[in-house]
Amino acid sequence: MRKILDFLKCKDIDEVIERMKSYEINEEIEEFRELMDTITKGNLNKKDLVTVKGKTELLEYLRGNIGFKNTEEFKVIFLNSSNYLVGEETLFRGTVDRSIVYPRLIIEKALKYPTKGIIFAHNHPSGNFTPSRKDIDLTKDLEDLLRKIDIKIIDHIILTEENYYSFYENGLIDY
5 MRKILDFLKC
15 KDIDEVIERM
25 KSYEINEEIE
35 EFRELMDTIT
45 KGNLNKKDLV
55 TVKGKTELLE
65 YLRGNIGFKN
75 TEEFKVIFLN
85 SSNYLVGEET
95 LFRGTVDRSI
105 VYPRLIIEKA
115 LKYPTKGIIF
125 AHNHPSGNFT
135 PSRKDIDLTK
145 DLEDLLRKID
155 IKIIDHIILT
165 EENYYSFYEN
175 GLIDY
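Each residue of the sequence shown is one higher than the one before, starting from 5 at the first, in my numbering.
Treat the hints loosely; a few may be bogus.
Said to hold, decoys possible - Below, computed lysine-lysine pairings styled on DSS-like, alpha-carbon distance capped at 27 Å: (1) K73 x K144; (2) K152 x K73; (3) K138 x K152; (4) K138 x K59; (5) K144 x K116; (6) K116 x K59; (7) K59 x K156; (8) K59 x K144; (9) K144 x K113; (10) K156 x K116; (11) K156 x K120.
Keep in mind that the hints were calculated from the coordinates and are not lab data.
All figures in this text were calculated on a predicted structure; none of them were measured in a lab.
Please model the entire structure based on the sequences and the hints provided.
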């Protein structure tokens, strides 16, 4: 654990790499590498999430980004016509059991990017990954609004620390 704390004092990633070269590979270093992977997922770009078919990578990123939070956060991932990432933002933050979502802001942000598809994701700090009636209604309302500007909802994912619920996988979104 001491070695991991030493790494946290590093100024940049190059210094981290140099320090890693000086240690033997052991459990602490492996734990640190996993931690670094989680941290760098916060810098999501095209090489991290090439297309939406990378569901495992997407879920890892989302779980590491919002799955563990103790208040609700609503994230929007913007994709182009080839399903490449063109932007992602956490647009709304709420309380332990709700978040207010403003469709106008989602549309405004979607038009900022060359968006053809959107993935919504939010967490349920309670640990219950089942969508509420409000989650379902919101998704349907957003689907109707976005369709009018030629943007498809690819998925809406609800995350907890351990599980997830995909609207697409459960037939609530037709992509």
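Hints versus structure:
A distance of roughly 25 Å separates the Cα atoms of K73 and K144; the hinted pair therefore holds under the 27 Å criterion. Pair hint K152 plus K73 does not hold up; C-alpha atoms about 33 Å apart against a cutoff of 27 Å. A distance of roughly 22 Å separates the Cα atoms of K138 and K152; the hinted pair therefore holds under the 27 Å criterion. Between K138 and K59 the alpha-carbon distance is near 25 Å, which keeps this suggested pair within the 27 Å criterion.
Using a Cα cut-off of 27 Å, the hinted pair K144 and K116 holds, with the two alpha carbons roughly 22 Å apart. The hinted pair formed by K116 and K59 meets the criterion: a straight-line CA distance of about 25 Å does not exceed 27 Å. Proposed proximity of K59 and K156 is supported: the alpha carbons are some 17 Å apart, at most 27 Å. Proximity of K59 to K144 is assessed by CA-CA distance (about 22 Å); at most 27 Å being required, the pair is judged to hold.
Of the supplied pair hints, the one linking K144 and K113 holds, its CA atoms being roughly 19 Å apart against a limit of 27 Å. At roughly 16 Å between alpha-carbon atoms, K156 and K116 fall within 27 Å of each other, so this suggested pair holds. Note on K156 and K120: the hinted pairing holds, with a Cα-Cα distance of about 6 Å set against a maximum of 27 Å.
The structure shown violates just one earlier hint, number 2.
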